[in-house]
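Enquirer: Residues per chain are reported as follows:
There are 2 protein chains.
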Amino acid sequence: MSEAPGEFGLIARHFRPLAGPGGLSLLDDAAVLDPPPGRSLVLAADAMVAGVHFLPDDPAETIGRKLLRVNLSDLAAMGAVPLGYLMTTAFPRDIDDAWIAAFAGGLALDQQEFGLDLLGGDTVATPGPMTLSLTILGHVAPGAALRRGGARAGDEIWVSGSIGDGMLGLGVLQGRFAPDAAGFLAARYRLPQPRLGFGQGLVGIARAAMDVSDGLVQDLGHLCRASGVAAEIEAGLVPLSPAAGALVAGDPALLALCLTGGDDYELLFAAPPGAEAAIRAIGGDTAATRIGHFTAGPPHVTVRDKNGAEIALPRGGWSHF
Amino acid sequence: MSEAPGEFGLIARHFRPLAGPGGLSLLDDAAVLDPPPGRSLVLAADAMVAGVHFLPDDPAETIGRKLLRVNLSDLAAMGAVPLGYLMTTAFPRDIDDAWIAAFAGGLALDQQEFGLDLLGGDTVATPGPMTLSLTILGHVAPGAALRRGGARAGDEIWVSGSIGDGMLGLGVLQGRFAPDAAGFLAARYRLPQPRLGFGQGLVGIARAAMDVSDGLVQDLGHLCRASGVAAEIEAGLVPLSPAAGALVAGDPALLALCLTGGDDYELLFAAPPGAEAAIRAIGGDTAATRIGHFTAGPPHVTVRDKNGAEIALPRGGWSHF
Numbered sequence: 001m002s003e004a005p006g007e008f009g010l011i012a013r014h015f016r017p018l019a020g021p022g023g024l025s026l027l028d029d030a031a032v033l034d035p036p037p038g039r040s041l042v043l044a045a046d047a048m049v050a051g052v053h054f055l056p057d058d059p060a061e062t063i064g065r066k067l068l069r070v071n072l073s074d075l076a077a078m079g080a081v082p083l084g085y086l087m088t089t090a091f092p093r094d095i096d097d098a099w100i101a102a103f104a105g106g107l108a109l110d111q112q113e114f115g116l117d118l119l120g121g122d123t124v125a126t127p128g129p130m131t132l133s134l135t136i137l138g139h140v141a142p143g144a145a146l147r148r149g150g151a152r153a154g155d156e157i158w159v160s161g162s163i164g165d166g167m168l169g170l171g172v173l174q175g176r177f178a179p180d181a182a183g184f185l186a187a188r189y190r191l192p193q194p195r196l197g198f199g200q201g202l203v204g205i206a207r208a209a210m211d212v213s214d215g216l217v218q219d220l221g222h223l224c225r226a227s228g229v230a231a232e233i234e235a236g237l238v239p240l241s242p243a244a245g246a247l248v249a250g251d252p253a254l255l256a257l258c259l260t261g262g263d264d265y266e267l268l269f270a271a272p273p274g275a276e277a278a279i280r281a282i283g284g285d286t287a288a289t290r291i292g293h294f295t296a297g298p299p300h301v302t303v304r305d306k307n308g309a310e311i312a313l314p315r316g317g318w319s320h321f
Numbered sequence: 001m002s003e004a005p006g007e008f009g010l011i012a013r014h015f016r017p018l019a020g021p022g023g024l025s026l027l028d029d030a031a032v033l034d035p036p037p038g039r040s041l042v043l044a045a046d047a048m049v050a051g052v053h054f055l056p057d058d059p060a061e062t063i064g065r066k067l068l069r070v071n072l073s074d075l076a077a078m079g080a081v082p083l084g085y086l087m088t089t090a091f092p093r094d095i096d097d098a099w100i101a102a103f104a105g106g107l108a109l110d111q112q113e114f115g116l117d118l119l120g121g122d123t124v125a126t127p128g129p130m131t132l133s134l135t136i137l138g139h140v141a142p143g144a145a146l147r148r149g150g151a152r153a154g155d156e157i158w159v160s161g162s163i164g165d166g167m168l169g170l171g172v173l174q175g176r177f178a179p180d181a182a183g184f185l186a187a188r189y190r191l192p193q194p195r196l197g198f199g200q201g202l203v204g205i206a207r208a209a210m211d212v213s214d215g216l217v218q219d220l221g222h223l224c225r226a227s228g229v230a231a232e233i234e235a236g237l238v239p240l241s242p243a244a245g246a247l248v249a250g251d252p253a254l255l256a257l258c259l260t261g262g263d264d265y266e267l268l269f270a271a272p273p274g275a276e277a278a279i280r281a282i283g284g285d286t287a288a289t290r291i292g293h294f295t296a297g298p299p300h301v302t303v304r305d306k307n308g309a310e311i312a313l314p315r316g317g318w319s320h321f
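Residue numbers (full-length UniProt numbering), protein chains in the order written: chain V, 1 to 321; chain A, 1 to 321.
It is worth saying that the hints were derived from the structure and are not from the lab.
One thing to keep in mind: the hints can contain errors.
As the list claims (entries may be wrong) - Some but not every residue of chain A turned toward chain V, in silico, with C-beta under 8 Å:
1. Asp28
2. Leu43
3. Ala45
4. Leu86
5. Gly120
6. Asp122
7. Ala125
8. Ser133
9. Arg148
10. Gly150
Note that this is a predicted model, so its numbers are computed, not measured.
Using N, Cα and C, we set each Cβ at its ideal position, and we do this for glycine too.
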């Protein structure tokens with residue numbers, strides 16, 4: 001035997017060009033990396049399944065980028081700087097080589113945009129839906145990582161960007177809602193924007209932070225449980241994009257979907273009163289909006305309308321089981 | 001909303017007890033870890049799909065342990081010391097809680113045996129076969145990692161333990177071969193033995209190393225390509241366990257399956273002539289056997305019988321595509 005068989009040729013053609021120095025050209029059993037001296041490592045892993053986390057007919061390019069970005073969003077939530085990633089791909093056996101080329105091309109774009117390299121991974125075949133898993137490494141100053149557990153009663157609740165676009169974008173792609181002219185909502189579903197610079201800027205300002213991936217209300221509940229506080233938010237303060245606002249204006253019931261739908265990949269954080277100027281000074285193109293406050297009491301999320309009446313939501317957010 | 005839904009309860013019940021200090025009780029978006037000062041990090045990731053990498057009716061306990069051990073084997077091949085791991089699990093939606101408890105119990109056993117903790121991960125549902133992915137972290141002295149690219153013409157080819165048990169064990173479990181009385185072969189398929197101590201002992205002795213996962217002949221071909229040498233091995237020197245030897249004695253055609261089958265998770269390495277005493281002195285319970293040598297020439301693997309005649313093999317090893 002002298003030629004590498006299909007699996008290894010696939011890796012050489014499409015994934016080797018993505019490897020950084022630590023990846024050893026994907027020729028070895030493992031990557032070797034000297035971590036930045038004097039920094040703590042930050043590590044997260046997320047998986048995506050075709051038909052569950054992305055639509056099977058989404059463009060290959062954005063599937064790779066979304067996989068990387070949902071993990072980058074976890075680094076953003078900790079205030080970390082990206083370093084590299086490992087990826088395992090379970091592809092259907094009849095996958096098209098051009099599909100993998102586009103998938104890898106998307107990853108190459110985002111590697112450049114966010115400053116990280118592929119370190120290693122595994123490529124296998126599956127008789128089921130495409131299943132992708134990515135582990136990301138970042139770094140942060142020791143003790144500086146933003147955690148979920150630091151919110152205190154009296155802290156204000158803030159969120160970056162806009163909420164609900166991802167879930168409405170999924171609905172647009174599934175034909176349930178009318179698309180906006182610019183394709184903004186569908187693009188937000190396919191290509192979330194990890195708030196890395198903003199998250200790094202929150203270090204020293206925010207008392208607690210996390211990213212919103214499973215629905216604002218449910219994720220706020222996680223933050224409440226980790227911090228031992230309750231939360232009250234005002235639905236009308238939750239920032240909607242113009243495209244989401246237009247859909248909600250036409251069908252006010254969609255507001256609940258925005259608050260619970262998930263796939264936002266925005267940062268949800270707690271800051272003490274008086275932090276507004278510091279938050280606004282972080283700059284970049286990420287806006288932040290104050291949507292409520294934490295109170296003493298057992299972990300619980302209350303959503304109120306502008307008159308203070310509680311809004312009952314059908315569910316808090318997404319759960320796989 | 002005040003209660004965590006199913007997915008988060010599952011994680012809390014089964015996976016939180018596996019988390020080490022860096023895992024932050026799996027309550028945050030990411031793990032935070034201070035890497036051992038003055039050491040290089042070693043990182044690998046492997047995926048397993050039900051029906052492809054393990055049998056759907058394998059015990060849950062050994063599935064978790066195999067997932068961890070195939071990754072530990074990659075660390076062993078680099079001479080690294082285990083540090084921690086992240087895991088993503090795509091489970092069928094109707095999975096039994098007792099199954100996950102046994103799966104996590106197996107991981108707990110191996111965490112203790114091999115000295116590492118869970119750092120984080122993701123749990124999702126899949127409509128397809130169970131798909132598991134694990135990323136492992138280890139560490140090694142800077143510059144000491146064993147690589148595939150260092151073999152030179154004249155170096156001897158060595159392999160740890162015994163070859164072929166995993167593939168024969170799969171055949172036993174599928175009813176194709178008679179089981180050995182002790183159940184050794186099936187156990188070797190379900191529970192490979194990562195050669196961590198032996199791999200660490202090879203640092204400074206071996207010129208190149210890798211683990212045998214996709215078949216001895218194919219993996220030796222990878223080592224040849226990475227090193228720019230050719231290899232000659234003598235089939236009769238390849239170490240077989242007593243159970244494998246008994247099957248091969250009954251059907252000599254099974255020797256080819258042993259040489260190409262995969263799922264061995266033994267170490268294949270190159271050492272200069274005269275290294276035998278140092279190799280034997282590594283000790284532990286891992287034996288090593290010299291099976292051939294490297295020659296100058298384009299990358300190629302030749303398998304010979306004891307009379308020097310070349311043995312033609314139907315294929316070199318396993319490829320997913």
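Enquirer: So which hints don't hold here, by number, going up?
Expert: Per hint list: single violation, 10.
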